[in-house]
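K.L.:
Take a look at the letters that make up each chain.
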Amino acid sequence: DTAVSQTPKYLVTQMGNDKSIKCEQNLGHDTMYWYKQDSKKFLKIMFSYNNKELIINETVPNRFSPKSPDKAHLNLHINSLELGDSAVYFCASSYRAAGDTQYFGPGTRLTVL
Amino acid sequence: GENVEQHPSTLSVQEGDSAVIKCTYSDSASNYFPWYKQELGKRPQLIIDIRSNVGEKKDQRIAVTLNKTAKHFSLHITETQPEDSAVYFCAASYGQNFVFGPGTRLSVLP
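From first to last, the protein sequence lines stand for chains A and B.
Numbered per this note's numbering, the first sequence spans residues 1 to 113.
Numbered per this note's numbering, the second sequence spans residues 114 to 223.
Hint data in this document are derived by calculation from the structure and do not stem from the laboratory.
Be aware that one or more of the hints could be misleading.
Simulated restraints on C-beta separations [stated by the list, open to error]:
1) Gln194(B) x Asn26(A): 18 to 24 Å
2) Lys170(B) x Arg63(A): 50 to 56 Å
3) Asn62(A) x Gly114(B): 32 to 38 Å
4) Tyr95(A) x Asn116(B): 23 to 29 Å
Calculated pairs, DSSO-like style, for lysine-lysine (alpha carbon to alpha carbon, straight line, at most 27 Å) [claimed, not checked]:
5) Lys155(B) x Lys71(A)
6) Lys155(B) x Lys44(A)
7) Lys135(B) x Lys41(A)
8) Lys36(A) x Lys155(B)
9) Lys150(B) x Lys44(A)
10) Lys135(B) x Lys36(A)
11) Lys135(B) x Lys67(A)
12) Lys40(A) x Lys150(B)
13) Lys19(A) x Lys155(B)
14) Lys9(A) x Lys155(B)
15) Lys135(B) x Lys44(A)
16) Lys41(A) x Lys150(B)
17) Lys150(B) x Lys22(A)
18) Lys184(B) x Lys19(A)
19) Lys44(A) x Lys184(B)
20) Lys9(A) x Lys150(B)
21) Lys41(A) x Lys184(B)
22) Lys22(A) x Lys155(B)
All C-beta atoms in this analysis are idealised placements derived from N, C-alpha and C, irrespective of residue type, glycine included.
In isolation and in its complexed conformation, chain A is listed as follows (with noise of 0.2 Å):
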C-alpha cells in the first residue's frame, strides 16, 4: 500500500544510453512532480503535472522528457545520458498543484558511467 512508488530504485547505466524512470502514487492526487537531487543534496524541481497536464518546466535539458499517460503516473525518459546526470531523482505528489504538502518517493539512484 504504498503511497509514491519509483521503479527502479538503482540505475546505473553508461553516457549515450536513453533510459525512463516511473512514478505511480495511490493517494488520488492531481500533482506530480519530479526533483533531481545532486550530491550536494539540493533538491531542484524539474516538472510538475496537473492531471496530466504540464504546469511546471523548469530548465532542464531537452534530453528529459516526462510522460503522464493518467494522473497516476508520471514518468521520466532520459536520451542521451551524460555523466552530470547522476543524482538521484525522486518522484512527488501532492492533491493540488499549489500550496499542499508533497509526499515523496522513495527515489532513484541514476548513476552514469
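Mind docking chain B on chain A? Use the hints.
P.N.:
The following block gives chain B in isolation, referenced to the frame of chain A:
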C-alpha cells in the same frame, strides 16, 4: 522567481539541547511553508508546515514560527534526540511552484 535561503548549513547540538534552523524567502506572495526531514538514504518527509495566516504552529517537540513582514520562518526542535539527526529542508510555495532551501545537516551528539 522565489529564492529560499537556509541557515546554518550544518548544525551540531548535544542531545537534549534545542536546535533552530532559519529560512528566508523573497516572494511576499508565498503562503505555504513546509519543513521536510530527510534521513540518510531516505526520501524527504514532511514534519511540520505553516500557512501565512498563522504565526506559529507546534507539534510535540517541533515548532515553526513565521514572520511574514520580515519574510522568514524558523524550525525549532526541543529536547533533541539522536534520531533527529538528518538533513532538514524548508520550502516556500507560491503559485504553482515549490522552492526548497539548500538544507541543514543536523547532528545530535549523544
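K.L.:
Hint by hint, say whether it matches the structure.
P.N.:
Hints versus structure:
no., hint, verdict
1, Gln194(B) x Asn26(A): 18 to 24 Å, "violated (32 Å)"
2, Lys170(B) x Arg63(A): 50 to 56 Å, "violated (41 Å)"
3, Asn62(A) x Gly114(B): 32 to 38 Å, "violated (21 Å)"
4, Tyr95(A) x Asn116(B): 23 to 29 Å, "holds (26 Å)"
5, Lys155(B) x Lys71(A), "holds (25 Å)"
6, Lys155(B) x Lys44(A), "holds (17 Å)"
7, Lys135(B) x Lys41(A), "holds (18 Å)"
8, Lys36(A) x Lys155(B), "holds (14 Å)"
9, Lys150(B) x Lys44(A), "holds (16 Å)"
10, Lys135(B) x Lys36(A), "holds (23 Å)"
11, Lys135(B) x Lys67(A), "violated (36 Å)"
12, Lys40(A) x Lys150(B), "holds (15 Å)"
13, Lys19(A) x Lys155(B), "holds (22 Å)"
14, Lys9(A) x Lys155(B), "holds (11 Å)"
15, Lys135(B) x Lys44(A), "holds (19 Å)"
16, Lys41(A) x Lys150(B), "holds (12 Å)"
17, Lys150(B) x Lys22(A), "holds (24 Å)"
18, Lys184(B) x Lys19(A), "violated (41 Å)"
19, Lys44(A) x Lys184(B), "holds (21 Å)"
20, Lys9(A) x Lys150(B), "holds (20 Å)"
21, Lys41(A) x Lys184(B), "holds (24 Å)"
22, Lys22(A) x Lys155(B), "holds (18 Å)"
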